[in-house]
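Going by full-length UniProt numbering, 51 is the number at position 51 of the sequence shown; the sequence numbering is gapless.
Think of the hints as simulated: they come from the structure by calculation, not from any bench.
Treat the hints with caution; some may be incorrect.
Computed beta-carbon distance windows for the label pairs [said to hold, decoys possible]:
hint : residue 1 : residue 2 : range
1    : E14       : T84       : 33 to 41 Å
2    : Y58       : I9        : 19 to 27 Å
3    : E15       : M44       : 28 to 36 Å
4    : S48       : E7        : 33 to 41 Å
5    : S48       : K8        : 32 to 40 Å
Note that beta-carbon positions come from the ideal geometry of N, C-alpha and C, so glycine has one too.
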Amino acid sequence: MSTDLAEKIGIIAEENDMIYRISGVGGSEFVFSKTVNSIKIGNMEVQSFTLEVGAMNYDFNLDGIIGLDLLQEIKAIINIDMLTLDMNC
1 MSTDLAEKIG IIAEENDMIY RISGVGGSEF VFSKTVNSIK IGNMEVQSFT
51 LEVGAMNYDF NLDGIIGLDL LQEIKAIINI DMLTLDMNC
């Protein structure tokens, strides 16, 4: 999740938060983790989920990336042809 979006919804870094570096296709950046009560995408909801919050300074606007950890948690079914994301529960 981007720090801009996190701040808008009241998620801020605190003194005891651990800061660490993550790496991906776009390079690496520093993030901090926060556990939220729930996260909801459409009608899919996961309770007590840990987010990574970082600057996400890319060449386009992006509020967040749906990671494999969340997709596994909701047992996601991704239909590429129809561009849909469903939950298998």
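Fill in: Outcome for the supplied range 33 to 41 Å, where the beta carbon pair is E14 and T84
37 Å Cβ-Cβ, so the 33 to 41 Å window holds.
Worksheet item: At the C-beta level, are E15 and M44 separated by a distance inside 28 to 36 Å?
Response: Distance hint for E15, M44 holds at roughly 33 Å.
Worksheet item: Do S48 and E7 keep their Cβ atoms within the hinted range of 33 to 41 Å?
Response: violated (21 Å)
Practice prompt. Given the range 32 to 40 Å, decide if the beta-carbon distance of S48 to K8 lies inside it.
Written response: violated (21 Å)
Fill in: Hint check for I9 and Y58 - Cβ pair distance inside 19 to 27 Å
Holds: the Cβ-Cβ distance is about 20 Å, inside 19 to 27 Å.
Figure legend: structure checked against the earlier numbered hints; hints not met, in rising order: 4, 5.
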